[in-house]
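S.K.: Chain by chain, the residues run as shown.
Number of protein chains: 4
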Amino acid sequence: MIVITGASSGLGAALAKLYSEEGAELLISGRNEQRLREVSDPLSDKVQSKTANLSRADDIKALFDTCLHTPKSIIHCAGSGYFGALEDQEPDAINALIENNVTSAIMLLREAVKRYKEQAVTVVIVMSTAALAAKAGESTYCAAKWAVRGLVESVRLELKGSPMKLIAVYPGGMATEFWPSSGKSLDTSGFMSADEAATMLKQALVGTEHGYVSDITIARG
Amino acid sequence: MIVITGASSGLGAALAKLYSEEGAELLISGRNEQRLREVSDPLSDKVQSKTANLSRADDIKALFDTCLHTPKSIIHCAGSGYFGALEDQEPDAINALIENNVTSAIMLLREAVKRYKEQAVTVVIVMSTAALAAKAGESTYCAAKWAVRGLVESVRLELKGSPMKLIAVYPGGMATEFWPSSGKSLDTSGFMSADEAATMLKQALVGTEHGYVSDITIARG
Amino acid sequence: MIVITGASSGLGAALAKLYSEEGAELLISGRNEQRLREVSDPLSDKVQSKTANLSRADDIKALFDTCLHTPKSIIHCAGSGYFGALEDQEPDAINALIENNVTSAIMLLREAVKRYKEQAVTVVIVMSTAALAAKAGESTYCAAKWAVRGLVESVRLELKGSPMKLIAVYPGGMATEFWPSSGKSLDTSGFMSADEAATMLKQALVGTEHGYVSDITIARG
Amino acid sequence: MIVITGASSGLGAALAKLYSEEGAELLISGRNEQRLREVSDPLSDKVQSKTANLSRADDIKALFDTCLHTPKSIIHCAGSGYFGALEDQEPDAINALIENNVTSAIMLLREAVKRYKEQAVTVVIVMSTAALAAKAGESTYCAAKWAVRGLVESVRLELKGSPMKLIAVYPGGMATEFWPSSGKSLDTSGFMSADEAATMLKQALVGTEHGYVSDITIARG
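Residue numbers (our numbering), protein chains in the order written: chain A, 1 to 221; chain B, 1 to 221; chain C, 1 to 221; chain D, 1 to 221.
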């Protein structure tokens with residue numbers, strides 16, 4: 001079983017479709033029930049969905065309680081964007097950005113480690129190339145994504161010797177609803193689609209007996 | 001005038017004392033009124049104090065409204081610690097950690113940029129060596145500090161050409177109340193004191209006509 | 001056509017085998033003629049080999065002059081290791097380490113950019129996880145690998161808008177002849193084999209119309 | 001006693017002047033005897049000079065053999081620049097760049113660690129902001145400087161528990177002979193002078209009983 005968060009749109013939805021097509025058992029999650037249903041309805045009946053606000057520890061508990069057995073992978077795609085010069089950003093939107101990206105990643109990873117650290121579970125944390133470099137006009141978004149990277153790198157050290165694996169994914173900008181909802185208007189016609197990114201990510205998530213691809217950056221171009 | 005946040009203890013209090021001793025006009029801030037007064041009372045009458053919860057944009061506005069003229073420097077020392085294996089950390093304490101370190105740094109820097117970006121104001125953001133490296137047992141603290149570093153590096157790009165300067169400071173662990181309040185018990189007898197760190201930081205904050213020290217790491221040892 | 005350097009052993013040899021098995025046209029290179037022949041002899045007759053000392057610009061010119069048409073990919077695996085406490089390292093071995101890793105990567109990438117920067121050529125630069133973090137006992141090796149990373153990241157900026165793509169690969173330690181030849185003796189029984197790493201790398205080197213996997217870390221475990 | 005390398009011009013010469021003015025005993029080094037003498041002649045008679053090619057281990061031995069007692073600090077300023085699009089760079093100049101920056105730093109630090117690792121010697125390694133970020137048009141220079149940073153960070157780990165301290169310094173571009181000699185022509189009229197950088201660096205090199213400033217970036221502006 002594979003758990004996918006942020007599955008009601010974008011990369012999460014595209015991954016849900018891809019994995020479902022090859023018959024995987026899935027538990028997909030998002031905040032918006034209707035949009036989540038629009039994603040899950042066309043998929044196979046091995047796909048279960050459950051709404052959750054991942055910034056709340058209780059919602060995450062409830063999400064994992066739904067799993068009848070230990071998931072093989074957890075792919076954390078949830079997140080949101082918010083952009084603009086720092087002085088033009090609104091406090092409420094900044095707080096939402098932090099919740100949607102930082103708090104949710106911490107709470108999700110915390111519960112995953114709590115439950116599964118002694119098992120061979122792969123946790124894939126999807127961030128952004130904004131986690132790897134500073135960018136003008138994206139200061140709080142970079143802050144949020146750098147936070148998640150600091151979290152992932154630190155928890156890797158805590159998991160030394162554990163069979164649980166953390167995989168860090170850094171996609172560049174995709175042509176998804178992410179942009180309109182972030183308040184940033186830009187021409188995304190040359191951007192990769194969520195389907196393209198999902199195809200690449202799924203293929204690059206490869207492991208062998210003694211190793212695995214642990215960090216993946218997906219660039220535009 | 002110099003504004004110092006997080007001045008009710010630790011490095012912030014030590015810096016307030018040092019700058020006050022050489023006659024500087026100060027505005028110091030902290031969350032706890034009584035502790036802030038214990039710091040400010042023994043200092044010169046050029047030291048003004050004002051409580052503020054820096055995770056609230058309104059408190060920050062009120063703080064800067066107190067300044068009769070543009071501050072020469074803003075030294076942001078506010079922050080708190082919280083440690084332990086990720087799975088043992090409590091949601092409420094994680095939320096407080098994010099507020100005290102991430103939200104407050106964003107809100108403070110946002111207001112400073114908003115007001116003073118066209119002026120020669122130096123904003124010193126005190127983080128921690130945890131902003132520079134991942135650490136087991138400090139995953140959420142590293143997350144919070146990496147966030148602030150991502151913020152600072154991005155806002156630097158936004159300030160290109162502006163007379164405002166951002167200075168990043170990364171102190172190693174000090175022997176302060178920070179540790180007891182973080183829930184981590186460790187022997188800090190060989191750690192530098194807040195006074196030592198303040199002395200070094202004050203001296204290293206040097207600039208000339210065409211340049212300035214922009215990043216300072218202060219190590220133990 | 002695919003050009004593979006460092007193909008006389010380790011990851012380079014394993015990649016040559018894999019690509020050859022699926023019928024690719026290859027030009028493989030290494031410093032030692034006999035070992036290179038031992039790799040190429042069992043492979044298909046679409047595999048051409050040519051010795052080259054990649055720290056010499058002329059050898060690299062001669063290598064690419066051998067290509068009858070523009071290669072689709074250049075996979076640079078050449079490199080060597082040298083370890084130990086800094087004060088115990090020998091000047092001659094340090095110089096060889098720098099040549100084999102830094103000079104060769106610069107000279108190879110320089111020639112590739114010179115010839116092919118206006119074409120859709122993918123240059124894969126294989127480094128090491130030592131390019132991503134400092135390590136005690138590996139100071140000069142880290143220096144050499146950090147150099148290559150600095151090179152790759154900078155040349156990426158120079159190639160902005162060019163159809164040429166640079167892909168950075170960071171494998172963890174493999175169970176290959178690399179270790180005996182580095183003077184470091186360690187138990188590599190749990191390490192991934194070069195074949196495992198080659199299988200993962202080949203699969204993760206994926207691209208679509210608007211994007212591609214640009215950075216890949218392959219971890220042990 | 002303070003040892004300063006790269007003292008025949010730029011930051012090294014400026015530091016020699018500053019430390020000499022306050023009566024410090026110095027051993028200064030450079031490759032060019034005449035230029036080194038032009039620096040040392042006007043200084044106090046507590047300043048000794050010795051030519052050395054720091055990419056040769058023997059020259060470094062001879063340099064330190066000149067020290068009658070253990071130096072308190074070693075300030076390594078030697079280095080050179082070379083710029084331009086990678087494909088336009090010349091192999092010989094690339095080799096010289098590597099020698100002057102990478103090989104010399106390794107050999108110098110190796111000898112310093114060998115002799116003094118059990119003593120309270122401070123080794124200051126002056127790099128460049130090019131060690132901290134990739135830059136178009138500076139690919140090999142960034143490579144060289146990233147190498148030195150990888151070296152310094154790794155040797156720090158090897159020195160854990162040793163009284164020897166490594167201090168990393170990252171100055172931005174200065175208005176010195178560095179630029180004409182690098183083949184890059186640019187307007188440096190707004191750059192800081194070597195004297196300004198030396199003044200800031202000297203002041204920021206501060207330590208107390210339990211701590212010290214370990215990393216200093218000096219920015220233009």
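Since the hints were derived computationally from the structure, they do not count as laboratory data.
Warning: the hint list may mix true and false statements.
[Said to hold, decoys possible] Computed spacing ranges between beta-carbons, pair by pair:
id: 1; chain 1: A; residue 1: Gly221; chain 2: C; residue 2: Asn32; range: 28 to 38 Å
id: 2; chain 1: A; residue 1: Lys184; chain 2: D; residue 2: Ser181; range: 19 to 29 Å
id: 3; chain 1: B; residue 1: Ser185; chain 2: A; residue 2: Ser189; range: 41 to 51 Å
[Said to hold, decoys possible] Straight-line Cα separation of at most 25 Å, PhoX-like style, residue types lysine-lysine; simulated pairs:
id: 4; chain 1: A; residue 1: Lys184; chain 2: B; residue 2: Lys184
id: 5; chain 1: D; residue 1: Lys46; chain 2: D; residue 2: Lys184
id: 6; chain 1: C; residue 1: Lys17; chain 2: C; residue 2: Lys114
id: 7; chain 1: C; residue 1: Lys135; chain 2: D; residue 2: Lys114
id: 8; chain 1: C; residue 1: Lys114; chain 2: D; residue 2: Lys72
id: 9; chain 1: D; residue 1: Lys72; chain 2: B; residue 2: Lys202
id: 10; chain 1: C; residue 1: Lys117; chain 2: D; residue 2: Lys184
id: 11; chain 1: A; residue 1: Lys184; chain 2: B; residue 2: Lys202
id: 12; chain 1: C; residue 1: Lys61; chain 2: A; residue 2: Lys135
id: 13; chain 1: A; residue 1: Lys61; chain 2: A; residue 2: Lys72
id: 14; chain 1: B; residue 1: Lys50; chain 2: A; residue 2: Lys114
id: 15; chain 1: C; residue 1: Lys17; chain 2: C; residue 2: Lys135
id: 16; chain 1: D; residue 1: Lys50; chain 2: B; residue 2: Lys165
id: 17; chain 1: A; residue 1: Lys135; chain 2: B; residue 2: Lys50
id: 18; chain 1: B; residue 1: Lys50; chain 2: B; residue 2: Lys184
id: 19; chain 1: B; residue 1: Lys184; chain 2: A; residue 2: Lys117
id: 20; chain 1: A; residue 1: Lys202; chain 2: C; residue 2: Lys114
id: 21; chain 1: C; residue 1: Lys184; chain 2: C; residue 2: Lys114
id: 22; chain 1: B; residue 1: Lys184; chain 2: A; residue 2: Lys160
id: 23; chain 1: B; residue 1: Lys72; chain 2: D; residue 2: Lys202
id: 24; chain 1: A; residue 1: Lys61; chain 2: A; residue 2: Lys135
id: 25; chain 1: B; residue 1: Lys202; chain 2: B; residue 2: Lys117
id: 26; chain 1: A; residue 1: Lys165; chain 2: B; residue 2: Lys135
id: 27; chain 1: B; residue 1: Lys117; chain 2: A; residue 2: Lys135
id: 28; chain 1: B; residue 1: Lys165; chain 2: D; residue 2: Lys165
id: 29; chain 1: D; residue 1: Lys46; chain 2: C; residue 2: Lys160
id: 30; chain 1: D; residue 1: Lys165; chain 2: B; residue 2: Lys202
[What the hints assert, rightly or not] Stretches of chain C that chain D covers, calculated by requiring three or more beta carbons in the stretch to come under 8 Å of a beta carbon on chain D:
id: 31; region: 19-32
id: 32; region: 110-123
id: 33; region: 135-146
id: 34; region: 149-157
id: 35; region: 180-186
Virtual Cβ for every residue (Gly too), placed ideally from N, Cα, C.
S.K.: So, for every hint listed, does it hold in this structure?
M.R.: A quick look at each hint next to the structure:
1. Gly221/A - Asn32/C: 28 to 38 Å: holds (37 Å)
2. Lys184/A - Ser181/D: 19 to 29 Å: This hint is violated: roughly 45 Å between Cβ atoms.
3. Ser185/B - Ser189/A: 41 to 51 Å: violated (57 Å)
4. Lys184/A - Lys184/B: violated (42 Å)
5. Lys46/D - Lys184/D: violated (36 Å)
6. Lys17/C - Lys114/C: At roughly 28 Å apart (the allowed maximum being 25 Å), Lys114/C and Lys17/C break the hint.
7. Lys135/C - Lys114/D: holds (18 Å)
8. Lys114/C - Lys72/D: violated (47 Å)
9. Lys72/D - Lys202/B: holds (23 Å)
10. Lys117/C - Lys184/D: holds (23 Å)
11. Lys184/A - Lys202/B: Roughly 40 Å between the alpha carbons, so the hint for Lys184/A and Lys202/B is violated.
12. Lys61/C - Lys135/A: violated (38 Å)
13. Lys61/A - Lys72/A: holds (17 Å)
14. Lys50/B - Lys114/A: violated (41 Å)
15. Lys17/C - Lys135/C: violated (32 Å)
16. Lys50/D - Lys165/B: violated (40 Å)
17. Lys135/A - Lys50/B: violated (34 Å)
18. Lys50/B - Lys184/B: Violated. Lys50/B to Lys184/B sits at ~29 Å, over the 25 Å cutoff.
19. Lys184/B - Lys117/A: holds (23 Å)
20. Lys202/A - Lys114/C: violated (34 Å)
21. Lys184/C - Lys114/C: violated (37 Å)
22. Lys184/B - Lys160/A: Answer holds: Lys184/B to Lys160/A is near 21 Å, not above 25 Å.
23. Lys72/B - Lys202/D: holds (23 Å)
24. Lys61/A - Lys135/A: Roughly 35 Å separates the two Cα atoms, so the pair is violated.
25. Lys202/B - Lys117/B: Satisfied, since the Cα-Cα distance of roughly 23 Å is no more than 25 Å.
26. Lys165/A - Lys135/B: holds (17 Å)
27. Lys117/B - Lys135/A: holds (18 Å)
28. Lys165/B - Lys165/D: Judged against 25 Å, a Cα distance of about 29 Å means the pair is violated.
29. Lys46/D - Lys160/C: violated (52 Å)
30. Lys165/D - Lys202/B: holds (21 Å)
31. 19-32: violated (count 0)
32. 110-123: Coverage by chain D holds for the region 110-123 of chain C (4 residues, Cβ < 8 Å).
33. 135-146: holds (count 11)
34. 149-157: Three-residue rule met by the region 149-157 of chain C, so holds; n is 8.
35. 180-186: With 0 residues closer than 8 Å to chain D, the region 180-186 of chain C misses the three-residue bar; violated.
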